[in-house]
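All chains, full assembly: derive it from the sequences and hints.
2 protein chains.
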Amino acid sequence: MAEASYASASQTDVLIIGAGPSGLMTAYWMARCGVRARIIDKKSTKVFTGQADGLRVRTLEIFDSIGFQHRVQHEGHVAVEANFWAPGPDGTLIRQGPFCSSKVNESPFHNMLLSQGRIERFILDSIKQYSNLEVERGVIAESFEYDEIVKDDQNAYPITLKLRTLSEDEVTPSNNSGEGRSHSVPDKLKDSDLHPDDLDDLIQDSKSRQTKTEIVKAKYLIGCDGAHSWTRKQVDIPLEGGVIDIIPITDFPDIRRLGTVTNASGTILVIPRERRLVRLYVPVQVVDVAKNGNARFNRSSITPEMIKERVQAILKPYTFDYKVCEWWTAYQIGQRIAPTFAKDDRIFLAGDAVHTHSPKVGLGMNMSMQDGFNVGWKVALVAAGVASPAILSTYNAERHHLAEMLLDFDRHLSGLFTDNKPSKGIPEGGSDKTENMIKVLETFEDFADGLKAFYGASPLVCKFVNEDKLNPGHHLVPGERFPPVKLRKQADGNTQWTTRIFESDGRFRLVILAGDVRNEMQKHRVDTLSRFLSGQLKEKASPLSRYNAIPGRFKSPIDVVTAHSASWKETEFFDFPEILRDLDATLGWGYDKIWCDDACIWDRDCDGKGYEKWGVDRMRGLMLVVRPDQYIGWVGELEHMDEMTRYLDGALIKVVTEE
Amino acid sequence: MAEASYASASQTDVLIIGAGPSGLMTAYWMARCGVRARIIDKKSTKVFTGQADGLRVRTLEIFDSIGFQHRVQHEGHVAVEANFWAPGPDGTLIRQGPFCSSKVNESPFHNMLLSQGRIERFILDSIKQYSNLEVERGVIAESFEYDEIVKDDQNAYPITLKLRTLSEDEVTPSNNSGEGRSHSVPDKLKDSDLHPDDLDDLIQDSKSRQTKTEIVKAKYLIGCDGAHSWTRKQVDIPLEGGVIDIIPITDFPDIRRLGTVTNASGTILVIPRERRLVRLYVPVQVVDVAKNGNARFNRSSITPEMIKERVQAILKPYTFDYKVCEWWTAYQIGQRIAPTFAKDDRIFLAGDAVHTHSPKVGLGMNMSMQDGFNVGWKVALVAAGVASPAILSTYNAERHHLAEMLLDFDRHLSGLFTDNKPSKGIPEGGSDKTENMIKVLETFEDFADGLKAFYGASPLVCKFVNEDKLNPGHHLVPGERFPPVKLRKQADGNTQWTTRIFESDGRFRLVILAGDVRNEMQKHRVDTLSRFLSGQLKEKASPLSRYNAIPGRFKSPIDVVTAHSASWKETEFFDFPEILRDLDATLGWGYDKIWCDDACIWDRDCDGKGYEKWGVDRMRGLMLVVRPDQYIGWVGELEHMDEMTRYLDGALIKVVTEE
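Protein chains in written order, with UniProt numbering: chain A, 1 to 659; chain B, 1 to 659.
Mixed in with the good hints there might be a few duds.
Identical chains share a label here; the pair holds if one copy fits it or two copies do between them.
What the hints assert, rightly or not - Straight-line C-alpha distance at most 25 Å; calculated SDA-like pairs for lysine to any residue:
1) K609 <-> V104
2) K569 <-> L583
3) K128 <-> T49
4) K343 <-> L407
5) K128 <-> E75
6) K523 <-> P253
7) K489 <-> R531
8) K316 <-> G590
9) K217 <-> I140
10) K613 <-> Y547
11) K489 <-> T250
12) K128 <-> R118
Please keep in mind that the hints were generated in silico from the structure rather than gathered at the bench.
What follows is the structure, given as C-alpha cells:
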C-alpha cells in the first residue's frame with residue numbers, strides 16, 4: 001500500500017500538473033479560495049512566444065471576472081470580421097467579405113488575438129494577488145499511486161506522487177524541438193517585443209537548479225499537462241502543415257484582416273495579431289503528398305522556408321516576404337478526445353490532455369482555460385469544505401459534451417482547409433469553399449464564442465423546477481451563462497459590467513432582479529423576500545448563514561446582488577432593505593450591492609436595456625442563483641424561496657450547529 | 001569656478017530633483033527619448049497612501065498617450081456628477097443635484113479619483129519599459145552652483161550639484177509628521193489594500209543604505225521637489241482644516257457621491273474613492289477661531305478625532321463614524337505662485353514647487369503632472385539635439401499663465417468653503433453657497449478639466465499663418481489640445497482613440513485629414529502633398545528627412561498619420577500613396593498610419609463623427625501639426641506645405657549635411 005511505503009510524504013489538498021492556460025486557471029481558483037495546493041510544470045519557464053492566440057468572448061468575460069481583461073484589451077487585437085479570398089471567374093484572387101458576426105452585442109467583449117504567453121502572465125499575476133502559490137518549474141511526476149479504497153473518505157489523501165526536479169540538462173525550454181525563431185530579431189523590434197513583466201521570469205530561470213525527489217500525497221489531482229507527450233506517441237497522426245508568426249512584408253491587401261485565402265495550391269488562414277505580428281496557418285503536406293507519394297512527414301521536414309514558399313504560391317499574384325519570424329512550428333490535425341475527463345471525482349484531466357484538434361479553429365486555448373475554470377472552482381470549494389463532493393461529477397458532464405462539439409466543429413472546418421479537390425476547376429472550388437466556410441462558422445458561432453454552453457441538469461443546474469410558473473419569454477436559462485449587462489451602481493452612479501460585478505471569488509450569487517421598487521406592491525414583494533433572507537420569516541431558515549464559510553475569504557458562500565429597474569434618480573440606496581445592503585461593522589454598507597438598470601449619459605454601454613436583454617418584466621423582476629463561474633444555476637420568482645434553498649442545499653454544505 | 005573645484009564630477013544631461021507626479025512625468029520623457037538623466041528624491045520610498053487623488057480628463061488623456069490609462073480606469077472611481085447638500089427651508093439638509101458636467105463627451109475619459117501612489121506606480125512602470133533610469137531615493141542636493149557664463153553653450157554643463165545619500169536616520173518616510181493612519185488596518189482590508197506591484201518597492205526599501213556624497217554636473221536641472229519644505233518655512237500660512245481617507249459607516253445617502261455638505265458648522269467636501277474609501281475635506285480652523293480667538297494652529301493640534309467630530313456636526317441628523325482610516329493630514333490654503341518657472345532655459349521648476357493652493361479643487365496633481373509633461377518633452381528633445389533651445393522658453397509662457405488661472409479658481413472656490421457667514425440665517429447661507437459653487441465650477445470647467453489650455457503664440461504655436469484661408473468654423477485651434485476622436489484603422493478595422501494613436505514618443509505628428517479620397521480632385525490634392533513629402537516636388541525639400549533623429553528611438557521627429565473621411569469598406573490601405581504608408585525594410589508597411597473616420601458596428605465610441613467634432617469639411621479635409629504633447633502647433637490646407645515647413649523649422653534642428 002502507498003500509505004506504508006511513503007510514511008514521510010508531504011501532503012497537499014490539490015496537486016495540479018501542468019502550468020499552461022488550463023492548469024493556471026485551475027490554480028487561480030485554489031489561490032482565490034485559499035486552498036492548499038501545488039502546481040508543477042516540466043518546463044523551466046512559462047511560454048513567451050508562439051503557441052495559441054485566439055481568445056473568444058466567453059473567455060474574455062472570464063478574464064473580466066478575474067480582473068485582468070483590461071490588460072488583454074490594451075495589448076490584444078480585435079478580430080470580429082473575416083474575409084475569404086478565393087479565385088473569381090477569371091481565376092485571380094478576389095475578396096469576399098468582410099463577413100461580420102451578427103452577435104457583436106451579446107458580450108461586453110469581442111473575439112481577440114493575443115499570445116498565450118501574455119495570458120499566462122496575467123493569470124500568474126492574479127494568482128500572486130491572492131496567495132503565495134507559485135509554479136514549481138522543471139518538476140515532473142515520476143510515479144503515481146491511487147488508493148481507491150479510501151476514495152469516499154473526504155479526509156483521506158488517496159493519491160501519491162513522486163515528484164522530481166529536473167537537472168539543468170533535462171529541463172525542456174518552452175520553445176524548441178521542431179519550432180523556434182527562424183531569424184534573429186533585429187534591434188528595432190526589441191523594445192516592443194520585450195514585456196518588462198515577463199523579463200523577470202527569464203532572469204529567474206537562469207538561477208541554478210537543484211535536482212531532488214519528493215513524495216507528495218494529495219486529495220485531488222488535476223492533470224493539465226497538455227497534448228504533447230501524449231500525442232507524440234501517436235505516430236499515425238499526420239502532420240497537417242506549418243504555422244508561423246511573422247511581421248509580413250507584402251502587398252496583399254488583407255494581411256491585417258482575419259480570413260482565408262484559397263487557390264489551387266491550398267488554403268491559408270490569416271490571423272492578424274498584436275505588435276505588427278501576423279500568424280499564418282499554411283498547408284504543407286497536402287500539396288507535397290502528390291509530389292512525394294508519401295503522406296508521412298517527420299517534424300523536421302517542415303521548415304520556415306517551405307512555409308514561406310507555400311504562402312507565396314497561394315497569395316500570387318501578390319508578393320510575400322518577411323524578415324522577422326517570432327515563432328514557427330509544424331502542426332498536426334490529431335483529433336482526439338478522451339472517453340472521460342475524470343476518475344472517481346478525485347482525478348481530473350483538463351485541456352489538451354483530453355482533447356486535441358486542429359489549432360486553426362482558434363478554440364484550443366479557450367476550451368482548455370474553460371475546462372480549468374470549470375473544474376477549478378468545484379474542486380476548490382469541495383476541498384475547502386464549502387461545496388458538496390456531489391458537484392464534482394458535473395465537470396465531466398459539462399465539459400466532455402463541449403469537447404465533442406469542438407471536434408465536430410473542427411472536422412467540418414478542417415475539411416475545408418485540407419480537402420483541396422485540385423481536380424475540380426479553380427473558380428468553383430474557391431467559391432464553394434467560401435460558402436461552406438461561412439455556413440460552418442455561422443452554425444457553430446454561438447458554441448465557438450462560448451455564448452452557449454448547453455450544460456445539462458445536475459446538482460448545479462436546476463432545469464425544470466417551477467418552469468411553468470415563470471414569466472414566459474425570459475432569456476435566463478439555467479445551464480447557460482448570465483447574459484452580461486452594464487449596470488449603474490445606486491450609491492455612486494459608477495457603471496460596471498455584470499461580468500465584473502460577479503467577480504470570480506468562489507461565491508454563488510443570489511441575484512435579485514427587484515423590478516420597479518417605486519411600485520408599492522413590488523416593494524412589498526422585495527420586502528418579504530428580504531425578511532426571508534434576514535431569517536425573519538417563520539419556518540424558513542435564511543440561506544445566507546446556512547452554509548460553510550472559508551475563513552479569511554468569505555463569511556458566506558452566497559453573495560446577494562440586487563439590480564432594480566426603477567429610475568436611478570428616483571431611487572435611493574437606503575430605500576432597500578438592510579439585508580440587501582450587506583452591513584459590515586468595519587467596512588460599512590455594501591455600496592456595491594444595489595445596482596440599477598438605467599441609462600447613464602456618460603457611458604454609452606450602460607443603456608438601461610438589461611431587463612430587455614434578459615427578457616424580464618421590468619415591474620415584477622425575477623430571482624436567480626448564478627454559480628461562481630457565472631453560469632445560471634437556478635431561476636424563479638421572488639416568492640420561490642423554498643425552491644431556491646433546495647437548489648443551494650444540493651450544492652453547498654450546511655453549517656454543523658452544536659446542539 | 002565650479003569647473004576647477006570639481007574636476008572629478010560625473011556628468012548627466014538632465015538632473016531631476018523630486019520623484020513625485022511632476023518629477024516622474026519629466027523623467028518619463030527622458031526615458032522615452034533615451035536622454036541621459038538622473039532623478040533623485042529625498043524620501044526613502046514612493047507614496048503608498050493618501051496625498052492627491054483627483055484626476056481630470058486631460059490628465060487621463062496624457063496617461064493614454066503614455067499607455068497606462070487602462071490601469072487607471074480599472075482601479076479608479078469615476079466622478080462626473082456632484083451633489084450639494086445644504087439646509088432647506090426648515091433647516092434640515094437637502095440634496096441639490098446631481099449636477100452633471102455638460103461636457104461629458106469632450107474626451108474619451110471622465111474625471112476620476114485614484115490615489116497618487118497608484119499613479120506614481122504606473123509612471124514608474126512606463127519609465128522601466130523604456131530605459132534603465134531609476135529613482136535614486138533617500139538622496140538630497142546639498143549645494144548648487146550655476147555657471148551663467150556658459151549658459152548659451154549647448155555642450156556645456158553649467159549646473160553643479162552636490163548630492164548626498166541620506167543615512168537611515170535621516171530619510172523621510174513618505175507618510176509621517178502630522179499625518180498618518182489613525183487606526184490599525186484590520187486584516188480584512190489587507191487583501192484589497194495591498195497592491196503586489198507596490199509591495200516589491202516596500203521590500204526594496206528595507207535594504208540597508210550607504211551614506212555617500214557625490215558631485216554631479218548637468219546641462220539642465222528640473223526642480224519638482226514639491227511645496228513641503230518650501231511652505232514649511234512660510235509660518236504665516238494658516239491651517240485650513242483636515243483631510244481624511246476613511247471607510248465610512250454612515251446613513252448619509254450621498255457618501256459615495258462627489259459633493260459638498262454645508263450647514264451652520266461649515267462645509268465639507270465628500271470625495272468617493274477606490275476600494276470603499278471616501279475622502280473628506282473638513283474645515284476645522286474656521287469654527288475654532290470663534291472658540292479660541294486664535295487663528296493660528298500648529299499641525300499637531302488637528303487630530304482625526306477632531307475631524308470626525310466636525311464631520312458628525314455638519315452631517316447631522318445623519319450619523320457618521322469609521323473604523324478604518326487609511327491616511328489623514330492637516331492642510332493649508334497657502335496660495336502661492338513663483339514669479340517665474342524657469343531661469344535661462346537651463347533651470348526649470350514644476351508642480352507644487354512653484355504653485356500651491358487649496359487641495360480641494362482637485363487639480364494639484366493634474367497641474368503638476370502637466371507641468372512635468374510640458375517641460376519634459378521640450379528639455380528631452382533639446383538635450384537630444386532634435387529640437388531648438390528656442391522652444392524652452394515656451395514652458396514658462398504656457399504654464400505660468402495656467403498656474404495663475406488655477407489660483408484664481410482656487411480663490412473663488414475656497415472662499416465658498418471658508419467664508420461661513422455664521423451670522424446670517426442658515427437657509428439663505430446654504431442655498432447661496434450652492435448657487436455660487438455651481439457658478440464657479442461652470443465658469444472654470446474647461447480650464448479645470450484641461451479641455452482648454454490657452455497656450456499663446458510661440459515657436460511651438462503658430463496662431464495666425466493662413467488663418468484667413470482656412471475653412472471657417474473648424475475647431476482645430478493652435479495652442480489647444482487635439483480634440484480626441486475614435487478612429488478605425490484602414491488596414492485591419494481595429495478602433496483607437498487619437499489620444500493613443502498620437503503616442504507620447506517624442507515625435508511631432510503631421511496629421512493629414514485627407515478628406516474623401518474617393519473624389520478624384522481630392523485624391524489629386526492628397527497625391528500632390530504626398531509627392532512633396534517624398535521629396536518629388538521641385539524646390540521643396542521634404543520635412544520628413546530634414547531634421548535630426550534620435551538613434552535607436554526614431555528616424556525622424558515627424559510621424560505622418562492620415563485620417564480620411566471616406567467609407568471604410570470603399571477604401572483600401574493600398575489606395576494611399578506610399579509615403580503615407582511608411583514602409584520599413586524589416587517591419588513592412590505602417591498599417592497603423594492610415595485611419596478612417598467611419599462608424600464601426602461593434603464599437604459605439606467609434607461613430608464616424610470625427611470630422612464633425614473637428615469642424616472639418618469631409619470632402620476637403622485639412623492638415624495640421626500636433627506637438628509631442630498632443631497640443632496643436634499648426635493648422636493649414638493640404639497645399640500649405642511651405643508654411644508647415646516654416647513652422648517645423650522654428651522648432652526642430654536641421655540635419656547637417658556634409659558638402
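Up to 25 Å CA-CA - T250 versus K489, copy category: Between. Shortest inter-copy distance 18 Å satisfies the 25 Å Cα cut-off; intra-copy 49 Å does not.
Regarding K489 and R531, is the shortest C-alpha distance of 25 Å or less found within a copy, between copies, in both, or in neither? within (23 Å within a copy, 55 Å between copies)
Check K217 against I140 for me: Cα-Cα at most 25 Å, and say if that holds within a copy, between copies, both or neither. within (15 Å within a copy, 56 Å between copies)
For the identical chains here, do K128 and E75 meet the 25 Å Cα criterion within one copy, between copies, both, or neither? For K128 and E75, both the intra-copy (21 Å) and inter-copy (17 Å) Cα distances are at most 25 Å.
Given a CA cutoff of 25 Å, do K523 and P253 count as a within-copy pair, a between-copy pair, both, or neither? So K523 and P253 pass the 25 Å test across copies only (19 Å; inside, 59 Å).
First find the shortest C-alpha distance between K343 and L407 inside one copy, then the shortest across copies, and answer within, between, both or neither for a cut-off of 25 Å. within (22 Å within a copy, 71 Å between copies)
Could you figure out if K128 and T49 sit no more than 25 Å apart (CA to CA) within one copy, between two copies, both or neither? both (22 Å within a copy, 21 Å between copies)
Could you figure out if K128 and R118 sit no more than 25 Å apart (CA to CA) within one copy, between two copies, both or neither? both (15 Å within a copy, 18 Å between copies)
Can you tell me if K613 and Y547 fall within 25 Å by alpha carbon in one copy, between copies, both or neither? neither (32 Å within a copy, 56 Å between copies)
If the cutoff is 25 Å on CA atoms, where do K316 and G590 land: within, between, both or neither? Let me know, please. Close across copies (22 Å), not inside one copy (62 Å); limit 25 Å.
When no copy is named, should K569 and L583 be tagged within, between, both, or neither for a Cα gap of at most 25 Å? within (23 Å within a copy, 54 Å between copies)
Up to 25 Å between alpha-carbons, please classify K609 paired with V104: within, between, both or neither. Answer is both: 16 Å inside a copy and 21 Å across each meet the 25 Å cutoff.
In summary, the structure is inconsistent with hint 10 from the numbered list given earlier, while agreeing with all the others.
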